[in-house]
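K.L.:
Going line by line, the protein sequences match chains A and B.
If you read the first sequence in my numbering, its first letter stands for residue 1, the second for the next number, and so on.
If you read the second sequence in my numbering, its first letter stands for residue 1001, the second for the next number, and so on.
FYI, nobody ran anything at the bench for these hints, they're computed from the structure.
Ideal Cβ placement from N, Cα and C applies to all residues, glycine included.
Be aware that one or more of the hints could be misleading.
One-sided excerpt, in silico: chain B residues whose CB lies under 8 Å from chain A [as the list claims (entries may be wrong)]:
(1) Ile1023
(2) Ala1055
(3) Val1059
(4) Trp1169
Here are some of the chain B residues that sit facing chain A, going by a computed Cβ distance under 10 Å [to be verified]:
(5) Ala1009
(6) Ile1077
(7) Val1139
So the derived label-pair ranges between C-beta atoms look like this [stated by the list, open to error]:
(8) A/Gly154 x B/Leu1011: 21 to 31 Å
(9) A/Val40 x B/Leu1011: 42 to 52 Å
(10) B/Ile1028 x A/Ala223: 34 to 44 Å
(11) B/Asp1093 x A/Gly277: 37 to 47 Å
(12) A/Val44 x B/Gly1021: 36 to 46 Å
(13) A/Glu252 x B/Trp1212: 40 to 50 Å
(14) B/Gly1033 x A/Ala24: 28 to 38 Å
(15) A/Gln70 x B/Ile1028: 45 to 55 Å
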Amino acid sequence: MEAKPASLLQGKVSELPDAIFGWAMRLCGLAVVSLLALIVWELVVRSQLSWHAFGWKFFVQSDWNPVEEQFGALPFIYGTLVSSLLSLVIAVPLAVGVAVFITEMCPAGLRGILSFTTELLAAIPSVIYGLWAIFVLVPLLRAYVQPFLATTLGWTGLFTGPPYGIGMLAAGVILAIMIIPIISSITREVLTVVPQHQREAVLALGATRWEMIRVGVLRNARAGIVGGVILGLGRALGETMAVTMVIGNRPEIAKSLFAPGYTMASVLANEFSEASGDTYLSALVEIGLALFLVTIVVNAMARLMVWSVTRGQPARNIA
Amino acid sequence: MDHVTTGVALLTVVLVLLPLGAIFAYLIYKGAGSINWAFLTQTPKPVGEPGGGMANAIVGSVVILGIASFMGVPLGIGAGIYLSEYGRNRFGDIVRFISDVLNGVPSIVIGIVAYGLVVLRQGHFSALAGGVALAIMMVPTIARTTEQMLLLVPQAMREAAYGLGIPQWRTTLSITLRTATSGVITGVMLAFARVAGETAPLLFTAFGNQFWNWKSDQPTAALSLQIFSYAISPFDEWHRQAWAGALVLIVLIVSAVSAVRIAVSRGTLAGA
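The whole structure should be built from the sequences, with the hints applied where relevant.
P.N.:
See below:
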């Protein structure tokens, strides 16, 4: 249907196609909302059985026994938390360092290449990280890193036991490699919006470069950086494949980081398709629901903090 | 002190780039040595027999991604159009926030949802279920990038079209969307690349298959699933094939993305 200027003059433009198109687009918008509703509905309905059987005890019991239909999610919650926190400890200093280097020190020519390469890390599928971790990272940890940690930091109790390679430490390291791009690209975004005169003012007071970065840049961007870190945490909490491949998959709570563990996401990956029995399946869905709720809260918090710094400009869709 | 700061920052860059370099070097070194004609044309051999390949998984991945794109792309672009052209209001803000939230939902959770929605109703694992899971993941990303791209189109262009008496739907499709085509397609490819390597949501939807399967309602092999099951197996031959599969997966993603971008820049798809 070709619209002609003449038709406007005659006042005969039909409004029906416009109305149909407008409502079709609104329907698409509504579909996004209903997707979330659908996810919540599926998770809540299918976890009812387990919720009624175990209640709150589900989250504090550490007994996971499909044969006797006893399910407690504590070892998985513990594994998810510890592996994610460990990955933050490793990733945050590195990611912030890279962001500071790119925005404050890097020659302009190198800047584009560096940000592109760090973002390339985000494009690698998680199963390939896992593959690399099994055959390269884990042997390295077993042969060099773990013996070193055991002799120097063994007294803390965090680095004891046989160095299998596979275990909580390996999961933390591979997660760190995977979340560095998110944290550093958000941090970079936040550092770029710190006004130039802040830097100049601090330098004019006779500050060294380090003091300028610490006082003039990092302090100003604090909320945004924390937001980026929390976005990284959200990613680490839900990361499945790479972790499943190296964490050892044993539902135990051990103090040593050398020991194998299990996470909420990896128990789903390993057991969901083989779960026999309704209670078993329902317990797994309940773990999924808990994971979903935690990541939603974490992500919403992160978005708000990033928004508060970039002043309403939408954060880029990388999470 | 200045030099120390610079030194430390440089060190972090090196530490971050090292694993990236190592991953790509290993991928090419191990993968290229294991790819051969049989790998690309044959189905997996039983344990212990040498040879065999991942042809069915390559085709399966393409089928699942095709189903996902068929459902996810129009819905995502539609939601993006809604957000930029109709959604400058309260409900639009809600849709925007929910898109961002959906972006952060762990992919394995999406897998559970697709399992409940499709697998339980159909009664068996299927390519369709895998496609639904990936489509759910594509929609929010496409919606948000489409919105951002459409907002970049100057308001004056829309007004010029209205001034000529062109109705709003026609303006949106032929002027606004068309002007933003290359940006929108970049967003689509971003979403595509993101789901193309996904494994977790396929574990209990597409499930995997050792044989050829041409039906969309049957368990279907996917490259990422095959890489996973071969990587955690105890056989050297399978490890070798897992590396080859990983290289093929990366090459497929990169070539799909660049093919579309070249088509866009050459104008073949400019009318899309």
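K.L.:
For every hint, state whether the structure bears it out.
P.N.:
Now the hints, each set against the structure:
no.: 1; hint: Ile1023; verdict: holds (5 Å)
no.: 2; hint: Ala1055; verdict: violated (19 Å)
no.: 3; hint: Val1059; verdict: violated (18 Å)
no.: 4; hint: Trp1169; verdict: holds (3 Å)
no.: 5; hint: Ala1009; verdict: holds (4 Å)
no.: 6; hint: Ile1077; verdict: holds (8 Å)
no.: 7; hint: Val1139; verdict: holds (6 Å)
no.: 8; hint: A/Gly154 x B/Leu1011: 21 to 31 Å; verdict: holds (26 Å)
no.: 9; hint: A/Val40 x B/Leu1011: 42 to 52 Å; verdict: holds (45 Å)
no.: 10; hint: B/Ile1028 x A/Ala223: 34 to 44 Å; verdict: holds (41 Å)
no.: 11; hint: B/Asp1093 x A/Gly277: 37 to 47 Å; verdict: holds (43 Å)
no.: 12; hint: A/Val44 x B/Gly1021: 36 to 46 Å; verdict: holds (45 Å)
no.: 13; hint: A/Glu252 x B/Trp1212: 40 to 50 Å; verdict: holds (41 Å)
no.: 14; hint: B/Gly1033 x A/Ala24: 28 to 38 Å; verdict: violated (52 Å)
no.: 15; hint: A/Gln70 x B/Ile1028: 45 to 55 Å; verdict: holds (48 Å)
Of the numbered hints stated above, those contradicted by the structure are hints 2, 3 and 14, listed in ascending order.
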